[in-house]
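The residues making up each chain are set out below.
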Amino acid sequence: DTGVSQDPRHKITKRGQNVTFRCDPISEHNRLYWYRQTLGQGPEFLTYFQNEAQLEKSRLLSDRFSAERPKGSFSTLEIQRTEQGDSAMYLCASSLLAGGYNEQFFGPGTRLTVL
Amino acid sequence: AQTVTQSQPEMSVQEAETVTLSCTYDTSESDYYLFWYKQPPSRQMILVIRQEAYKQQNATENRFSVNFQKAAKSFSLKISDSQLGDAAMYFCAYRGYDGNQFYFGTGTSLTVIP
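Chains as they are written, first to last, in our numbering: chain A, 1 to 115; chain B, 1001 to 1114.
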């Protein structure tokens, strides 16, 4: 399957712990996005990469959050000192920068529960 | 920042009937892209249909079509001959012409009644 994959699908952690999520985009896609989706809301943009460069970060991305995309392939999103308010679905999407629609393809998400 | 509003948190439709989901948006840009995504329960979001603002013709994809009213900043989705598999959350999304991020609405939960 050549779709966007995310790992893990579910993560339960205790408040104050660090967590890391991984996203593998569609192989030829040079753009990768992270979104957060809370219950009853649509996805909210967190950050995006073009190849290995992180080009834009949302104000939602506090200093406890860090994202990387080494070598322009997979990406990781780390949350340090988790808080209960971090409980959400974290979605990854990828796209091919080729003008036009720049359609984003989404992964299944990682559901984070902070106890 | 651009905002996308979906005023119908929940909708239901009888199988084989037609349903319309509404979406409005706010932008000062003249060219942009609009999308409808479908998110089935516990499954990933998939693109249903897309529209570029400078194209006046409404997009159509099989049973899915849109009514794009640029002046009114409205982008509704019509699902014809509804099927049980259409049951899902539907999100309307906006992307500026030179923008990178998508702006999503809060979604409409569609139930299809057999």
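Take the hints with a grain of salt, since some may be wrong.
As the list claims (entries may be wrong) - Label pairs and their computed distance ranges (CB to CB):
#1 ASN1067(B) - PRO8(A): 35 to 43 Å
#2 ASN1062(B) - GLU78(A): 40 to 48 Å
#3 SER1030(B) - GLU103(A): 44 to 52 Å
#4 LEU1084(B) - GLN41(A): 20 to 28 Å
#5 LEU55(A) - GLU1015(B): 38 to 46 Å
#6 LEU1084(B) - TYR101(A): 44 to 52 Å
#7 ARG81(A) - SER1080(B): 48 to 56 Å
#8 SER1042(B) - GLU68(A): 40 to 48 Å
Claimed, not checked - Cross-link-like lysine to aspartate or glutamate pairs, in silico, EDC-like; alpha carbons within 20 Å at most:
#9 LYS1055(B) - GLU103(A)
#10 LYS11(A) - GLU103(A)
#11 LYS1078(B) - GLU1010(B)
#12 LYS1078(B) - GLU1015(B)
#13 LYS57(A) - ASP1098(B)
#14 LYS71(A) - ASP7(A)
Said to hold, decoys possible - Chain B stretches covered by chain A per the calculated footprint, using a threshold of three residues with CB under 8 Å from any CB of chain A:
#15 1047-1053
#16 1098-1104
Note that these hints are calculated values from the structure, not bench results. The beta-carbon is built from N, C-alpha and C at its ideal position, and this holds for glycine as well.
Structure-based check of each hint:
1. ASN1067(B) - PRO8(A): 35 to 43 Å: 40 Å, holds
2. ASN1062(B) - GLU78(A): 40 to 48 Å: Hint holds: Cβ distance 41 Å, inside 40 to 48 Å.
3. SER1030(B) - GLU103(A): 44 to 52 Å: 21 Å, violated
4. LEU1084(B) - GLN41(A): 20 to 28 Å: At 26 Å between Cβs, range holds.
5. LEU55(A) - GLU1015(B): 38 to 46 Å: 45 Å, holds
6. LEU1084(B) - TYR101(A): 44 to 52 Å: Given a distance of about 29 Å, which is not inside 44 to 52 Å, the answer is violated.
7. ARG81(A) - SER1080(B): 48 to 56 Å: Check passed, 50 Å falls within 48 to 56 Å.
8. SER1042(B) - GLU68(A): 40 to 48 Å: 28 Å, violated
9. LYS1055(B) - GLU103(A): Satisfied, since the Cα-Cα distance of roughly 17 Å is no more than 20 Å.
10. LYS11(A) - GLU103(A): 28 Å, violated
11. LYS1078(B) - GLU1010(B): 15 Å, holds
12. LYS1078(B) - GLU1015(B): The given pair, whose Cα atoms are some 14 Å apart, holds under the 20 Å limit.
13. LYS57(A) - ASP1098(B): 16 Å, holds
14. LYS71(A) - ASP7(A): With a Cα-Cα distance of about 19 Å, the restraint between LYS71(A) and ASP7(A) holds, given a limit of 20 Å.
15. 1047-1053: Contact hint for the segment 1047-1053 of chain B vs chain A: holds, 3 residues under 8 Å.
16. 1098-1104: With 5 residues in contact (Cβ-Cβ under 8 Å with chain A), the coverage given for the segment 1098-1104 of chain B holds.
In summary, the numbered hints that this structure violates are 3, 6, 8, 10.
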